[in-house]
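If you're matching them up, the sequences are chains A and B in order. Quick note on this note's numbering: the first sequence kicks off at 1 and runs consecutively. Quick note on this note's numbering: the second sequence kicks off at 1001 and runs consecutively.
Since the hints were derived computationally from the structure, they do not count as laboratory data. Ideal Cβ placement from N, Cα and C applies to all residues, glycine included. Treat each hint with caution, since some may be false.
Taking CB as the label site, the calculated pair distances span [claimed, not checked]:
#, chain 1, residue 1, chain 2, residue 2, range
1, A, S75, B, S1075, 49 to 59 Å
2, A, D373, B, W1105, 51 to 61 Å
3, A, G214, B, D1059, 22 to 32 Å
4, B, G1158, A, R368, 21 to 31 Å
5, B, G1158, A, E423, 36 to 46 Å
Reference listing, derived: stretches of chain B covered by chain A, where coverage requires no fewer than 3 residues with Cβ under 8 Å from a Cβ of chain A [what the hints assert, rightly or not]:
#, region
6, 1170-1178
7, 1207-1216
Listed below, chain by chain, are the residues.
Protein chains: 2
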Amino acid sequence: MDIATRVYNHKWQIDPIVRSLIDTDFYKLLMCQSVFRNSPDTRVEFSLINRSKKVRLADLIDEGELREQLDHIRSLSLSRGESTWLRGNTFYGKRQMFRPDFMEWFENLRLPPYHLEKIDGQYELTFEGSWPEVMLWEIPALAVLMELRGRAVLNRMGRFELQVLYARAMTKLWEKVEHLRRVPNLKIADFGTRRRHSFLWQDWCVQAMQEGLGDRFIGTSNCLIAMRREVEAIGTNAHELPMVYAALAENDAALAKAPYQVLADWHEEHDGNLRIILPDTYGTEGFLKRAPDWLAGWTGIRIDSGDPAAGAETAIQWWKDRGEDPTQKLVIFSDGLDVAQIESLAAQFAGRVRVSFGWGTLLTNDFRGLAEDDALAPFSLVCKAVSANGRPTVKLSDNPEKAMGPSAEIERYKRVFGVGEQERMEVVV
Amino acid sequence: MDIATRVYNHKWQIDPIVRSLIDTDFYKLLMCQSVFRNSPDTRVEFSLINRSKKVRLADLIDEGELREQLDHIRSLSLSRGESTWLRGNTFYGKRQMFRPDFMEWFENLRLPPYHLEKIDGQYELTFEGSWPEVMLWEIPALAVLMELRGRAVLNRMGRFELQVLYARAMTKLWEKVEHLRRVPNLKIADFGTRRRHSFLWQDWCVQAMQEGLGDRFIGTSNCLIAMRREVEAIGTNAHELPMVYAALAENDAALAKAPYQVLADWHEEHDGNLRIILPDTYGTEGFLKRAPDWLAGWTGIRIDSGDPAAGAETAIQWWKDRGEDPTQKLVIFSDGLDVAQIESLAAQFAGRVRVSFGWGTLLTNDFRGLAEDDALAPFSLVCKAVSANGRPTVKLSDNPEKAMGPSAEIERYKRVFGVGEQERMEVVV
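Pulled out of the complex, with its shape left as it was, chain A reads as follows (with noise of 0.2 Å):
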């Protein structure tokens, strides 16, 4: 695949952008299950959010071209061989993972409409509907509008231009997992897809994984990458769910049960490494001193905001408190990481806890520095549930850089889960 060729092609043709159902994330896939089983009903509204305001989406990308692409992801349907994969194949060593129930209304599911307007300069898009249907149009969402603002950038260039940028590329995305190879006892994941440079390039990233990095490579996020290049599905859950599960919330006593509740859900459903605690949704302090006992004998934690090391700590802190061994436990560290912190990050815990990476937007868009006025840089975009049967949902996280919702609904969710002064940190992707 020569990549160059194949972007300078797209000039002369409508090329689809998204092409598959299942060129999303796993944990997508996990979670609309469990919402199919315990909340189909549940009305909710996803919405686009850029929190780099300074890339202005709507000069930059055609209304024409995003409708399109957008369009294109609505004809969509489940292909035979995707539907056969996923019910056939073996998922975290658990064979018929998705059950036919939900197989069969995923097999005939199309996305939901659509609602797109330019507001001074940047795109409204928002999708309303049913939450199993209308949580799928997270990741294609965000990776049609990334790549579309790439493209936009690209068509200014040349032939060679373009050679040259994808050889920088490659060049920079090569020396990275040179010096990933040199780090003891890596377990590494691509957690990409949502806001990657490209389809193809999300491809060849995952292809440089493998032949760099041999089983210290794990697996990628992306269900059809994952099943083209035999590599192992990988994904938990997010965020969506306690966001969701609050917001529906009656009162506050209801609000403070909530996140444990979504987990409750989770256990009945799961088990093994797929028993990975979210903690920082409402932050992560207060939620691990109230949360039940048996949470703590899940398999390990995901830290997805906050100074990544002082999170590891407490979350070991925690299991000794509970009595848990955290030689047997594992961190996942899943916020922002590039090679840098990912060597600190696996240095500072060897030995004293299982380590794994999910390696995400510097993995498979780290064109900063390669295109004129950084151009092509990654920007903080996201596309989240804001309301669930009506009522807005909030998250905190532990930087209030991540902060969303109506802010008298944060204030009081800050004064229920009992969460006092944050740091801030700069959010870059």
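Fit chain B to the supplied structure of chain A, relying on the hints for placement.
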């Protein structure tokens, strides 16, 4: 064209390195036509000379593969399209540069046999026969050895290592092109066929120069690439003409005249930009001092050894002494150039003389620093006329490191041409 993939695929099939008799330097064909007219019956021997003894070619390159490649070259004949191009194209502004009798001979040509032996870690590769036939072995023989040595290294690399290798090489070349863009009034040609990394890579380099430099890139010495990419074929004459003429001289007086006889014959055949003096075969200073006045009327001088700035100053002074206006004259630099030297020479001679550059090995084979142990760095390989009608040839040049021939003959030539002390300069490529 994805070079890395093509190279990777080489591993499973025989892939000829030289696929055409015009995959050679344009000046070879011009000189061949001259020789075909003036000395068709002269018997010559050409021999491979590896000036980089530490590169043990016979240890690196399989003899069977080398024979396969050389045999393949002996199977080549001029194709109809190639012949049409040579007959019909305009070269240096002139139609029918190649005369019908020469073309008819060329169309029926197959290259003569070669003699190959392994001696002390090196290949002794020689070609004997009539001058116009044997001389056409020089460029393909060099290209085959250089590329087989490269393939021996590439064969040990994985697919991604290869992709990254070419990514780095592309990045490196493009950075050079970007530097050259900023040189005012640049005129530069590709002279890199003989020691290129590979045909595909030279072809990429030419395209990069076309795209990056526009009409500042004036053409390539490679006829096949000139034909396919529709750029000018560039080149005039080389040391083999005076070397063979000198070897055939019956006595010292005839020897002293031989270099001028070469140019007298050339003067009869060519005019304009093809009248370029190559003065260094037996020392530039003495050559110019004793040159007949009609030579001062020629268009330019090519500087191919010694300190290039000093050589150009000597030429400028010579033109002034002969009453010529240097600003109307052309200096062509062609000895082991790279970007920094091109920049400084262009700056030093701007406005004083017309300048152009023949950029060779460090354009088409700058893989220095890109493989372990620098195993892909270019080295100093040549293929020269070593005898003519049984008499040894001699080359002195303006750098004693480039001198060749039996030492008694070297001393005789130095005496006849009045060459004194010369500055030694390291020969990199």
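Structure-based check of each hint:
1. A:S75 / B:S1075: 49 to 59 Å: holds, 54 Å
2. A:D373 / B:W1105: 51 to 61 Å: Holds: the Cβ-Cβ distance is about 59 Å, inside 51 to 61 Å.
3. A:G214 / B:D1059: 22 to 32 Å: holds, 31 Å
4. B:G1158 / A:R368: 21 to 31 Å: 27 Å Cβ-Cβ, so the 21 to 31 Å window holds.
5. B:G1158 / A:E423: 36 to 46 Å: holds, 43 Å
6. 1170-1178: Coverage by chain A holds for the region 1170-1178 of chain B (3 residues, Cβ < 8 Å).
7. 1207-1216: Coverage by chain A holds for the region 1207-1216 of chain B (4 residues, Cβ < 8 Å).
Every hint from the earlier list agrees with this structure, and none is contradicted.
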